[in-house]
Amino acid sequence: MSLRLNEDQTAALQELANIGMGQAGNSIARIWKEFVHLSIPKINMVESTRIPELIHGYVGDTEVSASRQAFHGGFRGEVLVIVTSNDRNGLAHLMGYEGSLDIAEREEVLLDIVNILGGACVGGIAQQVGAEIGFSAPSLIGEHLNPLEVIKPNQLAIETALSLEVRFIVENRSLSAHLVILLPNNEVKALADLLDQFLCTL
Amino acid sequence: MVDLKDLELPGFIVERLELGVFAVDPDFNVMLWNRFMQTHSGKDLESVQGQNLFEIFPELPQDWLKRKIESVFALGNYAFTSWEHRAYLFRFKHNRPITGGVDAMLQNCTFLPLKDSTGTVRLVVITLQDCTDTALIQQRLAEAITISDEERRKQQELIVKLEDAKNQLFQSEKMASIGQLAAGVAHEINNPIGFVNSNLGSLERNVGDLMKLVNAFEKAEAGLPPESQITLKRVKKEIDFEFLKDDFTDLIKETKEGLDHVRRIVADLKDFSRVDQTGWQIADLEKCIDTTLNVVANEIKYNVTVVKEYGHPPHVECVPGQINQVLMNLLVNAAQAFPERGQITVRTGDEGMYVWVEVEDNGVGIPPENLGRIFEPFFTTKPVGTGTGLGLSVCYNIVRKHEGELTVKSEVGKGTCFRLSLPLFHGKLDETSDQTEASTVNAP
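If you're matching them up, the sequences are chains H and B in order.
Start counting at 1 in the first sequence, then tack on 370, and there's your number in the numbering used here.
Start counting at 1 in the second sequence, then tack on 32, and there's your number in the numbering used here.
Please note that a few of the clues may not be correct.
Cross-link-like lysine to aspartate or glutamate pairs, in silico, DMTMM-like; alpha carbons within 20 Å at most [as the list claims (entries may be wrong)]:
| no. | chain 1 | residue 1 | chain 2 | residue 2 |
| --- | --- | --- | --- | --- |
| 1 | H | Lys-403 | B | Glu-102 |
| 2 | H | Lys-403 | B | Asp-95 |
| 3 | H | Lys-403 | H | Glu-541 |
| 4 | B | Lys-285 | B | Asp-241 |
| 5 | B | Lys-193 | B | Glu-435 |
| 6 | B | Lys-125 | B | Asp-135 |
| 7 | B | Lys-319 | B | Glu-341 |
| 8 | H | Lys-403 | B | Asp-59 |
| 9 | B | Lys-340 | B | Asp-382 |
| 10 | B | Lys-269 | B | Asp-279 |
| 11 | B | Lys-244 | B | Asp-279 |
| 12 | B | Lys-98 | B | Glu-87 |
| 13 | B | Lys-340 | B | Glu-383 |
| 14 | B | Lys-98 | H | Glu-468 |
| 15 | B | Lys-75 | B | Glu-87 |
| 16 | B | Lys-277 | B | Glu-250 |
| 17 | B | Lys-98 | H | Glu-404 |
| 18 | B | Lys-98 | H | Glu-475 |
| 19 | B | Lys-446 | B | Glu-390 |
| 20 | B | Lys-147 | H | Glu-502 |
| 21 | H | Lys-559 | H | Glu-385 |
If you're looking for bench data, these hints aren't it; they were derived computationally from the structure.
Make a model of the complete structure from these sequences and hints.
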């Protein structure tokens, strides 16, 4: 059977993600010397079979790029980042790239964005609930993907997923990113326990 | 029990693992530089410690690397680079000087935040992993995958070709059996037509002779006894002799025309089907159209007016049996485009080294969503069991084999125009001259 977070836990998680992302946003803004806007993360628990329609619901009928990053430690799982962007060159410029990007550089920029957002979100949550967490190198799922084909539910080893929608905008260089955190059942339990401990300390 | 403190295990790991490890402070001054880094960079610890990384290594991509390290300081999270996107951070000689085939060590790097007890990042530790071996294997793998993808693509192409060939075979077998049947029927019909024709000739002569006799009798009629004259008059009136006299000639003439028509249809049927004719010939497309129109007359004559706008183009090198098949499909399809009455316009002409035929109808037209699919095998809008959906796909293949073009324009409610365009020459006449000769013997 699939484990789900209860209402309190979900609310706490949403708040922690919000704080984590907010701090990250400030830091990114300092490095890039540009105003960074992050929308308030929206959290949903969904059946894994519904992930494709969820992603489609977020982005609509447009091509997306997607990548994944694994994390391990206090709780363990994978974070998927789905990006729709019209201005990767502009972002790359902020990240210290020069000239127009070749394919490898485009992918590197995408992976870096995933690393920053995934780290900010999951890392931010982990830090606040007092969990040590490490990350593996991100990897690309693909570019120019149909949103419905980013994830094939039958290839997932989990039944539920934690989805977190956040929009990430840097000045005029608009980039929308949607994060989906995939946790195995026992890790949902681990996260729930951590959230309960955190709630007790309030 | 071994006391690990005596062994300085952490130091040993940093120094001796086959992994580059170095660290920088927020001003990018080098604070750690392990043996791997010393060996491969050729710079010992003394020469780099406390020095600015970008002054020691001016060739590093400064803007990018500064931002990257800054972000690790600011965010306190890991960062990564992968050899697949960025071959290396430091240009080191790789560990396969002889069998390598790459010009530098390929590296995966991890940027780790080293935090103090307050959670502030004090140093960024960067590890460098030599990935040359993995990369080489991966490259070979990628090449192998590319090759196998290419092969799969070719296989797919072959499967499509096979499918096309099968469809065409199916259609040509059908045509061949129709052709055989037609040739058999034509042969059977030709015999009776022959003697009917010859008998009709004799009949015409004999009737002529009889009429001479009757005329002679008529002249002698006045000399006959009155009662005989009355009888003759009565009989003449009964049989409407005056009409009959003229009608004989007309009947014979029309019957002869009818016979000619039958003979022409039989000849066209044989000509059209050309059971055993696969060879390339110089053919007159307009004659092909006329022949085909005669053959399909039954399908189209009741509700359709056919208008010919012939431009008398030069003759083309083609396989006439196959081109007839294309024309038949286009004409029958056009005829089926009308709910009631309609007009088919057949145009011919030439343009450069091509001869074209247009078959245009003013029928219902083809909806745009179907227009792209009409040449697909098995695509049909006819009721189940009526059309095979193969007609146009076979046409398309035939035209492609002729290195020609079959295009379509259509507007719903206004009509459809198919344009067949064939190159004048293929240079194939010599290759198949034997077949051509063989088939000429059988031509009607």
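To see whether the hints hold, each was checked on the structure:
1. Restraint check for H/Lys-403 and B/Glu-102: the C-alpha separation of about 12 Å stays at or below 20 Å, so the hint holds.
2. For a cut-off of 20 Å, the pair hint linking H/Lys-403 to B/Asp-95 stands: about 14 Å separates their Cα positions.
3. Only pairs whose Cα atoms come within 20 Å are accepted, and H/Lys-403 paired with H/Glu-541 is accepted, the gap being roughly 10 Å.
4. For the hint linking B/Lys-285 to B/Asp-241, the alpha-carbon distance of about 16 Å falls within 20 Å, and the restraint holds.
5. Between B/Lys-193 and B/Glu-435 the CA atoms are separated by roughly 16 Å; this keeps the pair inside 20 Å, and the hint holds.
6. Among the hinted pairs, B/Lys-125 with B/Asp-135 is consistent with the structure: their alpha-carbon atoms are about 7 Å apart, no more than 20 Å.
7. A threshold of 20 Å between alpha carbons decides the hint, and for B/Lys-319 with B/Glu-341 the separation of about 13 Å falls inside it, so the pair holds.
8. Straight-line distance between C-alpha atoms of H/Lys-403 and B/Asp-59 comes to about 18 Å, which keeps the hinted pair within the 20 Å bound.
9. Distance hint between B/Lys-340 and B/Asp-382 is fulfilled; the C-alpha atoms sit about 15 Å from each other, no more than 20 Å.
10. A hinted pair counts as satisfied when its Cα atoms are at most 20 Å apart, and B/Lys-269 with B/Asp-279 qualifies at roughly 15 Å.
11. This hinted pair checks out: B/Lys-244 and B/Asp-279 have alpha carbons roughly 15 Å apart, not beyond 20 Å.
12. A C-alpha spacing of about 13 Å is found between B/Lys-98 and B/Glu-87, which places the hinted pair at or below 20 Å, so the restraint holds.
13. A hinted pair counts as satisfied when its Cα atoms are at most 20 Å apart, and B/Lys-340 with B/Glu-383 qualifies at roughly 19 Å.
14. Simply put, B/Lys-98 and H/Glu-468 have alpha-carbon atoms about 13 Å apart, close enough for the 20 Å limit, and the pair holds.
15. A distance of roughly 13 Å separates the Cα atoms of B/Lys-75 and B/Glu-87; the hinted pair therefore holds under the 20 Å criterion.
16. Under the criterion of a C-alpha separation no larger than 20 Å, the hint pairing B/Lys-277 with B/Glu-250 is consistent with the structure, at around 12 Å.
17. A distance of roughly 16 Å separates the Cα atoms of B/Lys-98 and H/Glu-404; the hinted pair therefore holds under the 20 Å criterion.
18. Between B/Lys-98 and H/Glu-475 the CA atoms are separated by roughly 17 Å; this keeps the pair inside 20 Å, and the hint holds.
19. For a cut-off of 20 Å, the pair hint linking B/Lys-446 to B/Glu-390 stands: about 16 Å separates their Cα positions.
20. Using a Cα cut-off of 20 Å, the hinted pair B/Lys-147 and H/Glu-502 holds, with the two alpha carbons roughly 12 Å apart.
21. Our distance criterion of 20 Å between C-alpha atoms is met by H/Lys-559 and H/Glu-385, whose separation comes to about 19 Å.
Of the numbered hints listed earlier, not one is contradicted by the structure.
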